[in-house]
Amino acid sequence: MKKIFALLLFVGILFSATVNSAPSKPMKGYVASLNDMVTGGTGKIDKAKATELAEKGNPIVFVTGKGKSAKIYFVYNEDGTFAGKNLAKFAANEFIGIVGKVKKVNGLNILIAEKIESMD
Amino acid sequence: MMKRNVALIFFVAFLFFISKQNIKIMKKNVLIISLLVVSGMLFFACGETKKDSAKSETEQQVSKEERQVGSSGNTENVQPDKTFLAEAPEAVEPEIKDYTKVALRCQIILLDDAAMGKFRKLTKPMALDLVQQGKMLVVRAENGAIFFVYNKDKTFGGDNLARFAANDYIGILGKTKYEYGLNIIFAEYIESSD
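Just so you know, the protein sequences line up as chains W and V, in that order. Per our numbering: the first sequence = residues 85 to 204. Per our numbering: the second sequence = residues 9 to 202.
Next comes chain W alone, as it looks inside the complex (with noise of 0.2 angstroms):
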């Protein structure tokens, strides 16, 4: 009996382990520059000029979908700081993927980066 409440232990332990381990799905988009969006591009830019703007304090964002229903995120490091400048990095790769946590504040998209990856 007390062989079969161990194995009954151990089963919930493996099991609960395992679903928690469940990796999160990655957010795929791209690296966009918020200047060029709201001026009627697509916001496409290059690895050096997303880097320039960064650095001059110019929105770097992460965008979903396209044309009208593209959605507009801004990223935060875990850390709470802007993630702009990591964002330049990944500027010339065609889409990224994000994991990390989803909110809305005061109507802006906020995602709060755990890891960026490229998903070219």
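Hints are not guaranteed to be accurate.
[Stated by the list, open to error] DSBU-like cross-link-like pairs, simulated, lysine-lysine; straight-line CA separation at most 30 angstroms: (1) 169/W - 185/W; (2) 129/V - 152/W; (3) 133/W - 183/V; (4) 187/W - 129/V; (5) 183/V - 152/W; (6) 199/W - 143/V; (7) 143/V - 131/W.
These are computed hints drawn from the structure, not numbers from a lab.
For this one, chain W is given, so just place chain V on it according to the hints.
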């Protein structure tokens, strides 16, 4: 899913290993193992369903939840964290007003503060310093809407705003547009509105 299956296989192998230790109750153990495997599978199925229902509950909660933020005690619509699987709902399109003749009365704030749902009063030196550090300034209208300010030449207007940060309120004249869920104003004229 693959990882789970591998874990399951290892688990079953482990149980068989244990059962070998006591060959006399082998049959009984096989029965227990089968039951445990089935219960494990059910557990997975329930877990997935639970996740789905939790997601819809979160979405409902998101639309309802409001909390007090900022020193001014204004009620801001702050939505709780959620995973990517639960997409953030679309922002409600605000009433578009013409600010080419009547100025948009607003406060200068840091985008980082707006993103965190906190607002602090900026001083001019502080604002200039923050801009130099590459931080972005935006404005917050009296109704709580956040506007991204652009100059006439369509460059980002954060630097320009920093010069007015000593004012409690500023007025901005210019064309506005609402795009991608964001309020944009192309400032033609900025003045103090204290």
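Here is how each hint holds up against the structure:
Only pairs whose Cα atoms come within 30 angstroms are accepted, and residue 169/W paired with residue 185/W is accepted, the gap being roughly 19 angstroms. Taking the CA atoms of residue 129/V and residue 152/W, the gap is near 35 angstroms; set against the 30 angstroms cutoff, the hint is violated. Taking the CA atoms of residue 133/W and residue 183/V, the gap is about 27 angstroms. The hint holds against a cut of 30 angstroms. A hinted pair counts as satisfied when its Cα atoms are at most 30 angstroms apart, and residue 187/W with residue 129/V qualifies at roughly 24 angstroms.
At roughly 20 angstroms between alpha-carbon atoms, residue 183/V and residue 152/W fall within 30 angstroms of each other, so this suggested pair holds. For the hint pairing residue 199/W with residue 143/V, the CA-to-CA distance comes to about 22 angstroms; that is within 30 angstroms, so the pair holds. Note on residue 143/V and residue 131/W: the hinted pairing holds, with a Cα-Cα distance of about 19 angstroms set against a maximum of 30 angstroms.
Of the numbered hints given earlier, the model fails hint 2 alone.
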